[in-house]
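Chemist: Residues per chain, in single letters:
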Amino acid sequence: MVKKILSVALCAAVLLFIYAPILLLVIYSFTTSNVIGKWEGGFSLDLYGQLFRNAEIMQILFNTVWLALAAAALSTVLGTAGAIGIFYSRRRAAKPLQAVSQIPVINAEIVTAISLALLFSSIFLYRTYFSLLVGHMVLCTPFVVLSVLPKLKQMDSNTYEAALDLGASPTQALFKIVLPQIFSGVLSGFMLSVTLSLDDYIVTAFTKPPMFDTISTYVYNAVKNGTHSSTPALRALSALIFVVMIAVLLIINLRARKPRSGKEARK
Amino acid sequence: MAQLKKEEKIIEIVNVSKIFDETAAVQDMSFYVRKGEFITFLGPSGCGKTTTLRMIAGFDIPTSGKILLSGKDITNLPPNKRPVNTVFQRYALFPHYNIYDNIAFGLKLKKVPVTYRNDAGETYTKMQKLTRKEIDEKVRAALAVVDLEGFEKRSVSTLSGGQQQRVAIARAIVNEPEILLLDEPLGALDLKMRKEMQLELKEMHRKLGITFIYVTHDQEEALTMSDTIVVMKDGRIQQIGTPTSIYNEPANAFVADFIGESNIFSGTMVGKRSVRFCNHNFECVDDFEKNEKVDVVVRPEDVVMTAPEEGMLKGKVINVVFKGVHYEITAQVGRSEMVIQNTQSRSVGDVIGMNIAPDAIHIMKKEFAANIYDGYITKKNTVVFGDGEFDCDVTTLYPGSHLDEEGYLITAAGEKIDLTDTDVIVEVGLEDIEISDNADEGGARGHIVQLIYKGDHYQYIVRTEENEEDYVFDSPDLWNENDYVSVKIKPENIRLRLKQEVK
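Chains as they are written, first to last, in our numbering: chain A, 1 to 267; chain B, 1001 to 1503.
Read the hints as simulated data drawn from the structure, not as lab findings. Treat the hints with care, since some could be wrong.
Below, simulated SDA-like cross-link-like pairs (lysine to any residue); rule was C-alpha separation at most 20 Å, straight line [stated by the list, open to error]:
id : chain 1 : residue 1 : chain 2 : residue 2
1  : B       : 1153      : A       : 180
2  : A       : 176       : B       : 1366
3  : B       : 1108      : A       : 115
4  : B       : 1366      : B       : 1177
5  : B       : 1110      : B       : 1190
6  : B       : 1081      : A       : 172
7  : B       : 1108      : B       : 1098
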């Protein structure tokens, strides 16, 4: 009994340690106080109101979402194609290909960001929308590969051959047979990409056009420059981002857990 | 098999080889398939049967050789352009489609020529897709063939293995292929289900009248269903024939051992239609040269038990196993063992007589009379062959020669010869090879890849890893397949011949 209480308590302590700062932020997003630690003016949704009335922030929010969706969509196409390529390449080539495709995942993001900056300045595309989009794709694509490959491995690889055998061209077989079977992996890859792109700061900071801001860069600059006018509103924004991220994460996890109907029993 | 006219061949495999990463899965294979027949590729796993099937389907392209379909070269044609459909081992049904859509998949892609008449009264043909109604009818008919009427809306995962198998067959035959390829389609089913499906497939073949090419490792399945069996081993054809001819007249010991139960003995021809094995001269129907060493096959059901004094052979029962319909009785005859199948039982320890009718004795040319290798002599006057190095007596190369202190060979005429790197032909008898667990003891190392019991001894093949050199030998001791062993050969048992005269 004591053991059980202790283990629960330990779990709670660990969770508290992880979530306390965010919890604090969420709580203080409901007060208009300028300084965290002072609860002024009681509970209010003023900050949220300010947030949505602030045209600049709204523009930035729109920028961020648009960028995230575009980067995620392109990364998903690229990553899925890459995963399929790795899966169907010869066994000797597949291993190194897979390993190389995952290096960006473990590589320090700052290294990726600086490399991108160097690359784009050398081809005179530094700090353009193009460099920003490509930067985010570099960030997201490996994760798409990572989420699609296991689905391909679960798939009965004979189904592609069966489709060809029944008269489908390779393209038809890909779209009618392979993609539907790995769709859940493609979707989680897409959602993962959206979340990665939404909250990315480093790559964005190194590749964005000068007059363009995403939430991350805006918040960072606002805090750094101490322009206090909008900082309390950013608490609300941060809280919202957190809630959205949690929601996306939950959707991904629930999708993964749900036993897919129509799935064949494997050996 | 009777010689057939060229136009009856639907598939012709001409000198086809397939090499995967330097290992040959199929080696220089040639045979043909007659239109409308049920042909089975039979062999142990890794014999190349599935690769051959995949090349006919178009999933693998031969490394060399040609595949002809009704006389047309289809070697490089992609699978979707071939009038061939496949039933896969693990069914490969599309899990995201229901049964109807699975079966209709091929039909929905298909285009057929339709002839129209325009206002001017001219006729013209257009390739167009099948109508929904046509597809509907065909799917229903296919489902009826496999006894799954009313399953259209079911999802794949709700079906049992046997039902999925039927859907896979329906999905293939609905396209009315010229040839149906079946890759061990019954492998995943339980025994009873398998027996039922065997008969059903046979019936389907009769009704549909299309060519079936079937792959299996189950010899009983092959015997039950096929018109023709192609027995394969190590990417090569061992024998092609009807089930009866393959069972009754196996071409070699491998086929005899693989198809059905058999007693295999080493024998010697002692006269015209007379063979000696188990210390008795038997009359037989096959004619071979006198004194030729041969392999003798006797099927267990052909051994007739008699009273001890009336039999050609006399033996003591050492084992009896009840097999349902019959008993399997093992008798010790001298140094050999004879397996007998009979509905009557005997007790262990009984002395029995055994008779074998002349036509029950099948005689085969001995596959391996000796091991022959290309080798060369080293500086140390040892010989290298078959991925190994062995001590040998190089003086046997030149009659009357001897070695001097420096290791040079002095011929009978007093000529001094340096034998280093001399190419030689090495011959080692089947009795002259020993194997050992100790890897350092012998001259070469490899795995046991085959063993065949031959009455009083086993015949083994040890294959080395590097160049896949085979050592074939007989031994009374029992080893296991895949054992890693080293090969020992005594110097006096290595017979050397010069490949060409040394300068």
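Chemist: Of the hints stated earlier, which fail here?
Modeler: 2, 3, 4 and 5
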